[in-house]
Amino acid sequence: MTFFTEENRTLAHEIIGRYPKRRSAMIPLLHVAQAQAGWVTEEAMVEIAELVDTTPAEVLGTCSFYEMFKREPVGKFLVNICATMSCALAGAAELMEHAEERLGVRAGGTTPDGLFTLASAECQAACTEAPCLQVNYRYRYRVDADGFDQLVDDLAAGALDDEIPPHGVTARVRQHIPAGRAVGAVPPEAVAEEPVWLAVADGVSSGGAS
Amino acid sequence: MASYTIPHAPGFVANDAPRIVTERFDHPDSYTLERYLATGGYEGLRAALGRTPDDVHGEVRSATLLGRGGAGFPAGVKWGFCPPGVWPRYLVVNGDESEPGTYKDRLLMELDPHQLIEGCLIACYAVGLSQCFLYIRGEMAVAQERVAQALNEAYEAGWVGRNICGTDFSVDIVLHWGAGAYVVGEETALIESLEGNRGMPRLKPPYFPAAIGLYGQPTIVNNVETLANLPWIMRNGAAAFTAIGTPTSPGTRMIAVSGHVQRPGVYEITNGTTTFRDLIYGEDYCGGLRPGRKLKAFVPGGGSAPWFTPAQLDLPFEASEVGPQGSMLGSGAVMVMDDTTDIPAAALTLTKFYAHESCGKCVPCREGATWLERVLRRVCDGTGTPRDLEVLLEVGASISPGDFPHAAVPERGLEAKPFPYQMTTICFVGPSAFAPLHSAMTLFPEEFEARVAPNAHLETGPSHGSASSTGLLGSPASGSVSEVSVRV
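Just so you know, the sequences run in chain order A and B. Residue numbering for the first sequence follows the numbering used here, starting at 342 and increasing by one per position. Residue numbering for the second sequence follows the numbering used here, starting at 52 and increasing by one per position.
Bear in mind the hints are in silico, worked out from the structure with no lab data behind them. We put the CB at the ideal spot given by N, CA and C, even for glycine. Treat the hints loosely; a few may be bogus.
To be verified - Simulated restraints, written as ranges between beta carbons of each label pair:
id, chain 1, residue 1, chain 2, residue 2, range
1, A, E413, B, E497, 38 to 48 Å
2, B, P134, A, A498, 39 to 49 Å
3, B, Q473, A, G525, 18 to 28 Å
4, A, G402, B, G136, 27 to 37 Å
5, B, F132, A, G525, 48 to 58 Å
As the list claims (entries may be wrong) - For lysine-lysine, the following DSBU-like pairs were computed, each having C-alpha atoms within a straight-line distance of at most 30 Å:
id, chain 1, residue 1, chain 2, residue 2
6, B, K412, B, K468
7, B, K412, A, K411
8, A, K411, A, K362
9, A, K362, B, K468
10, B, K255, B, K412
11, A, K362, B, K347
12, B, K345, B, K468
13, B, K347, B, K468
14, B, K468, B, K255
Okay, chain A solo, but in the shape it has when bound (with noise of 0.2 Å):
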């Protein structure tokens, strides 16, 4: 049971510490294996099991569900060009005809080089911006074919890596809670009573809370 590296496996126990329920973990855990790999290989799905207490047929069952986890391996960098109304609107069929081209793989494939990944995406809430896509769900505006060949050229020779990270790393700044400052999470079933903050407002006023 060796997927996770130590740090990986520090941080996994950090995230379930912060839930009521462990298994409420399982999606940012997902990441962090995500972030490790590339992909979310079967070995991490085992450990993650064991982690958040489950099976490793319930944690494919949440991991198939999402978009954004692949199971299988990716290019180092996911295209993901938006097909939804507002970047249709402004020319992403076009502009994916043209990556197609520019790529030499057809939407859903990897270059022989495992460098990009190309796909078909919905909606990425840049509306306004169209047509736009991201690469490792990072932005990019108004893109014409111009646009996308010295996006290419940059990524390849390895120009925006400062910007964008490899497939699997999302934020790359995590949420920490100081030990110091933390309330901590508590199952449901262990508190029974109202917080202390509204037990001393009914002190001073008439009502409950509603």
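Go by the hints and put chain B onto chain A.
Relative to the frame of chain A, chain B by itself:
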């Protein structure tokens, strides 16, 4: 902050209308604690902590703060639905913004994360919510980084966590992030996802999350923009809030306008009084359509909303006026189509979206949305038949029986059918798959009839190549539909 640069989220355009939630957006460091504190930050929380929780709840209730996620239900009333005496209660923040055309929560999280955090704290204090889970859409990496950074700063400075501001008020805010599933924006699916499950909605009624939510406990699920309004309300009072907009729709709203306008952008508008005409044609807003183009149709409230045409331009952002006219304000997203738009193909982009995002729990949605996409695709390709148009309506009726809401078409003597719709599914994703198609077929029947006319496939059909292609505009080089069909 890390050493790499985060590209500024463009799209936001400031104008002279009152600003509540975007006040700080002009500052390049709007997301830092330093800037936040220098611009009135956490004063709303301080004001709240000086009053009783009940009092704070009352203030929010009298502000008539309508939920900004889509349903438009008053937050103060929703808070009151927690059953008395059942503990613990939780706050789940819905930052899983994914409705087509919508992006305001992303900007609020990227550009002013402390405002959201302060809003969460005020809600927790008022309702006795003992832990907060801030669920951010998985694809929004920058929003996750900005909120994580802000939470780290806020914890260090004593604004979040144990004994906030030296009082008895203690609450943790846990940053949680999703992994790509539109349906998780539905509040019960959001809770399922937060429990580590496949994000499938729960049956409701009888139990709404306020009664039985996360871990079976009373849970308030509020949208990001809704919570972002709370610091301002606590600083300025409910009366100042209701002085903006109308009594039934007070305050402001963030609206993303995309598509064929001169200046697409995210605008903070005055609720209740601003009209679609103001927004699309106003000089302070989108400045009209591209030169030489005319408005053909627009989606008034995100991909799930039935469409409007120029006949509805003078409606204000007021649910009680938009509903009877056949649509909804939804999540604050307007998508504009000019006269170059291929209407069946435009509808297909949305039908495809919902077919892809159906979670599979309810048969009418899982099967129906998929068939709507397949049949509509062949209609768009020019290989459909007149019978296909009937099939589309029959499949749609199996998801949403009865009169589906639509706008009036004065020139054809067609009256509006009011919102909402009926549904055979647990959640709104099913009817949403039908909404754009139904609107397109009701408002522009001739475009569909032309597509299924004999030999239509020889003359029309801008589908070309990849599965993602729907070619909404005539090729700029040719501008003629028949030349586009060469690319089939």
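Evaluation of the provided hints:
no.	hint	verdict
1	A:E413 <-> B:E497: 38 to 48 Å	holds, 46 Å
2	B:P134 <-> A:A498: 39 to 49 Å	violated, 60 Å
3	B:Q473 <-> A:G525: 18 to 28 Å	violated, 46 Å
4	A:G402 <-> B:G136: 27 to 37 Å	holds, 35 Å
5	B:F132 <-> A:G525: 48 to 58 Å	violated, 27 Å
6	B:K412 <-> B:K468	holds, 29 Å
7	B:K412 <-> A:K411	holds, 22 Å
8	A:K411 <-> A:K362	holds, 25 Å
9	A:K362 <-> B:K468	violated, 46 Å
10	B:K255 <-> B:K412	holds, 14 Å
11	A:K362 <-> B:K347	violated, 51 Å
12	B:K345 <-> B:K468	holds, 25 Å
13	B:K347 <-> B:K468	holds, 20 Å
14	B:K468 <-> B:K255	holds, 25 Å
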